[in-house]
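Using the sequences plus the hints, can you model the full thing?
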Amino acid sequence: MAREYAKHCPASPMKNSLLVTAAILLIIQAASCQRVRVETEVEAYPTESVDLRCQFVDGGNTKLTQVSWIWEPTEGQRDNIAVFHPTYGESFPESPFTGRVRFIKGTLTSPSITITSLKMADAGRYTCEYATYPSGNEQGTTNLVMLAKPKNSASPVVVQASTSGEPVVVAQCEAADSKPAATIKWMGAVGGTENTTSVKGPDGTVTVRSKYLIVPTPEDNGKEVTCIISQRTQDKPQTFPMKLAVEYPPTVSIVGYDNNWYVGRTDAVLTCQATGNPAPTTVTWTVMSGPMPDTVQINANKLIVRKVDEAVNTTFVCEVKNRLGVSKHQVTTAVIEQRKITAGPSTAGIIGGIIGVVLFLLAIAFAVIILVRKRKQNAMNGDGPPKHKPPPPVKAGSSTEMLNKPVTDSVLTELTETQPFSNVYYETSGEPVTDLDACDDDDDNTVGGGAANGGGPAVLEDSIQYADVDDTLNDEALPPYSDADDHHVDEPPSATVARGESFVSAAMYV
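Using mature numbering (1 follows the signal peptide of the UniProt record, and there is no 0), the letters of the sequence shown map in sequence onto residues -33 to -1, 1 to 477.
There may be inaccurate statements among the hints.
Label pairs and their calculated CB-CB ranges [what the hints assert, rightly or not]:
id, residue 1, residue 2, range
1, Thr299, Arg176, 51 to 59 Å
2, Ser62, Pro208, 45 to 53 Å
3, Thr253, Arg176, 47 to 55 Å
4, Arg176, Val125, 14 to 22 Å
5, Pro169, Gly26, 12 to 20 Å
6, Ser256, Val125, 39 to 47 Å
7, Thr7, Pro40, 38 to 46 Å
8, Ser197, Glu6, 24 to 32 Å
9, Lys118, Pro208, 48 to 56 Å
I should point out that these hints are in silico values taken from the structure, not numbers from a laboratory.
Each residue gets a CB set at the ideal place from its N, CA and C atoms; glycine is no exception.
Below, the structure is given as structure tokens:
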């Protein structure tokens, strides 16, 4: 109203002050309305009870004279259902809630009520209205929402296989008497369509129905479709899987004839295989040439020839019936004189398989041989890992270590490679430290030479022959013992070696 006034009248200082005053009054009125505290919306279910709360706060100097509950089911309709007066107490006027409504505490500051045995028609607006002095009436409104859980159901519809090509209803699903309305969806691999409708009831509930349509064929019988119902009151969607029921006349075929019915064969069998919905009720065997041969025995859908002869050289017919129709199939059997030799597995295929296996094994053997040869070659070339623990390092030039090492060809070779010959040689002084010369000179007591050394050659006889470097080594006498630094080493004490015993002298550097 203030905006309309400002729109049609020119602005002036007095008019501006009036607008401010109007705005202040609106704010005060809004603040006073907020003193009645209620819940904005409450949900409830039929047959249950609900509490509608109301409280007057921050009364101050405001005097509360009376409080009333007013029900508004539709716009423009107001029914007083409960009144509380501090002097006259509680009062419940005649209404649809008579006998179902009461005050929880029965005080002016907290006049909350309880409604029992709820109905769907109880939905609407409930206003808690105070009569106060001097501000007048103050109120708060709660919207009661009545919810109804749906009554869900689903079922397949029995149909017959279509010959017209028109879609028909094969399944239906329903969510009845719910509030708010439910939603229905379909899932299936048959490629159908759905048709959903809803109907509103007199109490405000809604019933939703959905139909599933396809052009039914015999192949659709037994296939599964699922109805899914969702609604506000449900924790999760409810599903209804169903198998379609499509009826069709029987289809029949005869199996078992192998074109090898020879004279004298026993227990030849023909089987009449039939499908249909409903299941076939009768199976009948007949012979087109006349009566059934004596050698034939019928057992339900099986025809057994106990012994093949010329009498079964005929045509057998199988007839199957169900509620929707009849179906037949026939097979002509030809009796032969001798048994046909049934070809076994292909010889060429067997041979090919054997050759393939052999080639595969040869390839594996060839690969193994190459691998073994390669490893041997690597081992001969020294490419492989060492096969023994290497010796600890030895300090070069140590005279003590060299003197303690046994004298062998490999030792002398090592000495010649690591220790170059000296240009200075020494004359022998004195007699040799052993009695080898005497042993070697005694030709009469020597067999093969070197008897003093156990029948073998002298240890140092050949090992001290070296090439000339700058001077010629004196072959007639052995030099004195010396170490690697050319220092004289005391001669070992002389010892007499008996014949038949062996010995090894200490190493000598030259």
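Here is what the structure says about each hint:
The supplied range of 51 to 59 Å is met by Thr299 and Arg176, whose beta-carbon atoms lie about 55 Å from each other. In this structure, Ser62 and Pro208 meet the distance hint of 45 to 53 Å, their C-beta atoms being roughly 48 Å apart. Judged by the Cβ atoms, the range 47 to 55 Å given for Thr253 and Arg176 holds: they are separated by roughly 50 Å. At roughly 18 Å, the beta carbons of Arg176 and Val125 sit within the given window of 14 to 22 Å.
Between Pro169 and Gly26 the beta carbon distance is about 43 Å. The supplied range of 12 to 20 Å is therefore violated. The hinted window of 39 to 47 Å between Ser256 and Val125 holds, with their beta carbons roughly 41 Å apart. A C-beta distance of roughly 18 Å is found between Thr7 and Pro40, which places it outside the suggested range of 38 to 46 Å. Range check, Ser197 to Glu6: Cβ separation about 27 Å, and the 24 to 32 Å hint holds.
One distance hint, 48 to 56 Å for the beta-carbon pair Lys118 and Pro208, is violated here, with the actual separation near 19 Å.
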